[in-house]
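Engineer: So you can see what is in the structure, the chains are spelled out below.
Number of protein chains: 2
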Amino acid sequence: MAKQERKKVIVVGGGFGGLNCARRIAKNKNCDVLVLDRRNHHLFQPLLYQIAMAGLSPADISTPIRSVFRKKDNVRVLMAEVESINPETKIVGTSAGEFPFDYLVLACGSEHSYFGHEDWEDFAPGLKTVEQAIEIRRRVLTAFEKAEASTDPDELRQWLTFIVIGGGPTGVELAGALGEITRFTLSHDFRSIDPSAARVILVEAGPRVLAAFHEDLGKRAKRDLENLGVQLWTNCRVTDVNAEGVKIGAEWVQAKTVIWAAGVKPSPLNKQLGAPTDRQGRVHVTGDCSLANAKNIFVIGDQAHFEDAKGETLPGLAPVAIQQGKFVADLISREIKNKPREQFAYLDKGQMATIGRRRAVVEVGKLHFGGMIAWYLWLLIHIYFLIGFKNRIFVMWQWFYSYVTYKRGARLITERDWHSHAPRT
Amino acid sequence: MAKQERKKVIVVGGGFGGLNCARRIAKNKNCDVLVLDRRNHHLFQPLLYQIAMAGLSPADISTPIRSVFRKKDNVRVLMAEVESINPETKIVGTSAGEFPFDYLVLACGSEHSYFGHEDWEDFAPGLKTVEQAIEIRRRVLTAFEKAEASTDPDELRQWLTFIVIGGGPTGVELAGALGEITRFTLSHDFRSIDPSAARVILVEAGPRVLAAFHEDLGKRAKRDLENLGVQLWTNCRVTDVNAEGVKIGAEWVQAKTVIWAAGVKPSPLNKQLGAPTDRQGRVHVTGDCSLANAKNIFVIGDQAHFEDAKGETLPGLAPVAIQQGKFVADLISREIKNKPREQFAYLDKGQMATIGRRRAVVEVGKLHFGGMIAWYLWLLIHIYFLIGFKNRIFVMWQWFYSYVTYKRGARLITERDWHSHAPRT
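These protein sequence lines are chains P and Z, in that order.
Residues 0 to 424 in numbering that gives the first Met the number 0 are what the first sequence lists, from first letter to last.
Residues 0 to 424 in numbering that gives the first Met the number 0 are what the second sequence lists, from first letter to last.
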């Protein structure tokens, strides 16, 4: 075999797509891989709501990206922000300098979208990063503390009203966990709070929750949530959010704690690619996940708009990102050996969402079911896919402990400022 | 027995002193106990350096204060800031309203003191709260990331120079952990960093580290630290700190990461008591830990200046606070039964500090020793005193894992701001 020229592959983003792509390419010893992320850690997004709900600690579901590639000498990891991409010169500009590439894989994921109402973020944080999860945890736990100290019934009701906006899987998981907390935690740990004053409201603009799931499962989730005391307000459009609460249609609902789980938008990096984007801002990619105008640049996961053979757009789910990441890695390895490109085909292995302590809904092809078996399956799959042996043990133990005791392991309120002389709120 | 009037006891502070006091008083069914803290959690301070050094997660060493009293119906816990204390009317004013007391126990601990140079805090954060520990972790981990991305040798050296100011137990533990990280973590996870460029400097104004320990142990600690590559600069007084580094005497030492472990001052609440304080600001208390001018107000732990029978001032250590807390609880219970007060006597059970992975120094009465046996003893005692069964298992597992793999479990960098549109540094 003739000696091959080494290829430079840059992977941007250490999420599900980027990490799986880089791990696969790293096996090709003819490639030098550079992984760039503005974070130092891979975050297991599906369990992020557990940090917000004080069930897990950030480190339980995070792995340093460079630890993942500890033993891969052909992989370099840099914590840096990508600032520019030049498809012609094949150079990525970052906060840590410029890097040339032969192949570039963009897997930068998505962030929250407030559909033009960015000022709502202060009052209704979203749940995409560890920091946001900790902020939500701080707000939820503080609300209980304030309620316990409150002597005014109106104020008490405001502190004990929790509104989750958006009835997708994240919204359902958050509302379910909140329902559980208000039902079980309140009665034991607090002295003054009247549990009947606590309300958890899940607001959804569409006619039902879990719209992406089979209708049966939407109904099932509705019933499970209602059993946990969660009120489902479907067909309700949020028209304003402020420090006092949420405006739904023309009516204000007072609540001190509001969480946003209603929409995402892709990385703003997309604007730099000179490629067409869809209404949400996702880049249109061709059947091999590359850009039409730059065949050596690939965009995968939440950042891309991919239409399958049937003309349907793939959803922003972890399995899509993982499969695309591996597909692109294999494509690059094949192309280096002068083999032709193939087309990406998504293998739908199903989707799931959990509701509270031991309810979940699972959809696999035509099969769909809920209840406790679904929850065990959910648990099993989530623990299996957690990266890192130690984290798996930890998370299992945490769950087992919470399950048996109804306690939540990470119930600490941390302030936003670290200064010792900072004013405390 | 005649029916006794119920007594109102307020305990301010959920640290070692306050928590032990409140737990003991709670056993007396004739007392109603109110525990006030501006935090919702008890923090196991002796392991706080492990959060800063990415070995543990905040939740591992924190317990919600109200969980501790979950089953004690005569204890109420409120998260509130004490704003005023009126010894005459016997009323405590807080951010959550006013509360009358028969007995008041103040156990508010201490915070950092920069000896009048409060502006140094930005450049050299101290280690007293979870937030500060996370900030130090952020700075230390970011320094390695910046070093990995750096191409300028001068800049590289600055990122890889870590200065710890203060040679007490906290400073020694931080420097030891940093020595370990630079020695073992660098070589495996990073590609570009030259380990020989990394420096950890422990600066101490006095002639030796661990001044409160026997001289032999100071020497032992020095040797152990030097084995980990830590440079000990004793008799060195810090005269200035800024973003570039530390000025020692007349010379500037460039370092991007500086940690303050040099001094503490008691809670500012002391100024409100109308009682005499010492030079550090600690309140002078009488032999039964009460104020000379208000016998029903007790001040314990780091907040108090207590002179024992020999005229020696007790040090700011956890065992002092714990013993005083229990003593005051018993005193109150006895006094309610019209029994006379006794005088507090500190039973010195010794002190210890750990250096790196498996070295420690232990001093028990006249016995003092170091090395691996000391480390096992240190480990055993710290795990034993951790409150909460779950936390003990967690911390043991974390340690075991780190010990075997040399990995650190909580290596994630989190930002200070949670907004999705916040600028990233």
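I should point out that these hints are in silico values taken from the structure, not numbers from a laboratory.
Among these hints, one or two may not hold up.
No copy is singled out in the list; a pair is fine if it fits within one copy or between any two copies.
Here are the simulated DSS-like cross-link-like pairs (lysine-lysine), alpha carbons at most 27 angstroms apart as the crow flies [unchecked claim]: (1) LYS338 with LYS145; (2) LYS145 with LYS6; (3) LYS145 with LYS365; (4) LYS348 with LYS6; (5) LYS264 with LYS6; (6) LYS6 with LYS246; (7) LYS28 with LYS7; (8) LYS127 with LYS294.
This structure is a prediction, so every number in the text was calculated from the model and none was measured.
Engineer: Each hint should be assessed against the structure and marked as holding or not.
Structural biologist: Hints, one by one, checked against the model:
| no. | hint | result |
| --- | --- | --- |
| 1 | LYS338 with LYS145 | neither (64 angstroms within a copy, 39 angstroms between copies) |
| 2 | LYS145 with LYS6 | between (58 angstroms within a copy, 25 angstroms between copies) |
| 3 | LYS145 with LYS365 | neither (47 angstroms within a copy, 50 angstroms between copies) |
| 4 | LYS348 with LYS6 | neither (33 angstroms within a copy, 64 angstroms between copies) |
| 5 | LYS264 with LYS6 | neither (32 angstroms within a copy, 58 angstroms between copies) |
| 6 | LYS6 with LYS246 | neither (54 angstroms within a copy, 47 angstroms between copies) |
| 7 | LYS28 with LYS7 | within (11 angstroms within a copy, 73 angstroms between copies) |
| 8 | LYS127 with LYS294 | neither (30 angstroms within a copy, 53 angstroms between copies) |
The structure fails hints 1, 3, 4, 5, 6 and 8 (numbered hints given earlier, in ascending order).
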